[in-house]
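Novice: So you can see what is in the structure, the chains are spelled out below.
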Amino acid sequence: MKNPYEVLGVTPTTSSADIQKAYRQLAKKLHPDLNPGDKAAEDKFKEVAGAYDLLSDADKRKRFDAGEIDASGAERPQQHFYRDFATADNGHPYTDNSGFADFMDSDDALAEFLRRSERARANRRGQDLHYQLPISFAESVTGANKRLTLPDGGTLDVNIPPGLVDGQILRLRGKGAPGAGTGGAGDALIEVEVVPDPRFAREGDDITLELPVSLSEAVLGGRIRVPTPTGDVTMAVPKGSNTGTTLRLKGKGAPRRGGGHGDQFVKLKVVLPKSPDPELEAFVAGWDKGKAFNPREGSTS
Amino acid sequence: MIVNKQELLAHARIQSQTLELWLEQRWLIPDQATAEMNFSDLDVARACLIRDLKSDFGVNDEGIDVILHLVDQLHGLRRALEQLHKELPARKT
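Protein sequences, first through last, are from chains A and B. First residue of the first sequence: 1, per the working numbering; consecutive thereafter. First residue of the second sequence: 1001, per the working numbering; consecutive thereafter.
Bear in mind the hints are in silico, worked out from the structure with no lab data behind them. One or more of the hints may lead you astray.
Label pairs and their computed distance ranges (CB to CB) [said to hold, decoys possible]:
no.	chain 1	residue 1	chain 2	residue 2	range
1	B	L1084	A	V195	45 to 51 angstroms
2	B	R1078	A	K29	17 to 23 angstroms
3	B	A1010	A	A66	28 to 34 angstroms
4	A	G221	B	S1055	51 to 57 angstroms
5	A	A66	B	R1013	26 to 32 angstroms
6	B	E1087	A	K62	54 to 60 angstroms
7	B	E1024	A	P196	17 to 23 angstroms
Glycine included, every Cβ here is placed at the ideal spot set by N, Cα and C.
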């Protein structure tokens, strides 16, 4: 293998930041997936990547400079590039024909050919079918098993993983339209629509809920039932809670990436009795300390 | 070859959190016909490409979106061209 400094076009005194720069310059031009038609790019890229792997590792670079190791063995393990699969004859979910869709629409021989080959490919993979599936907010948090009724009357069982967000797409391989020959069926692509729940708001993995409490619950404290996406739980409201007081229910949020759950935050809102209560009015009228307290004290308006 | 989530993470040398982010961006669309996510060779290679773009080339998320879209179009064109190439000699006779 060639001297890694020569491969990257740098010298042994070049700083590691400049080595990275030199590598990026070369790799951008040589990456096989950015040069799908260039067979030689792969070998050149491997050489450059191997040289960079050696020189970007401070320890390896030191040992190479000291002559303890040579440049051999610095090659990257066999990597399969996207270009090796992306042009597969039987198609795949990332297939994008929009690059020549305009040609297919016209009237000439090329358009005719493109249309015909699209239809008649011997081992054509079936089309992907797109569906939309509304789920409730609670189901998006807990996960669910849903049955989707298809336009042709069939059904499709969909396993909704917990923690989905609105607009996420589930792919069910082989559940799309049937293909021709050995092409296999296409996929069903299901866009999940999370129907918002007026009670809950989701921020990342956490869920917030505004919960009305009575005056007596706020002043005296108590245990109250709180709805969560996974069902009601009992929560203790501390004495002297106020509108805006936020309490945390640990682990009652949406599933967190990489395990665990977010939290549910319960924001209290003190609500007076619906109809004016003479007893309450009489009490407040005789409550001197309450009159002396000005919650707007210090505010400019 | 079909691999599960753990195998994909090992092949592509990425963290589980990174993968979740990519799934959210719809850069990767795994097969979820069963309860477990399944990834094909194509998905693995695509994950490696995204990793190269992000970590080696320093492309940001918006850039990845643009690149993947163009790369997918390029492959659609390449496939059409390949078919045309196969058919042309047959048409001459």
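Novice: Which numbered conditions among the earlier hints are violated in the structure presented, ordered from lowest to highest?
Specialist: none
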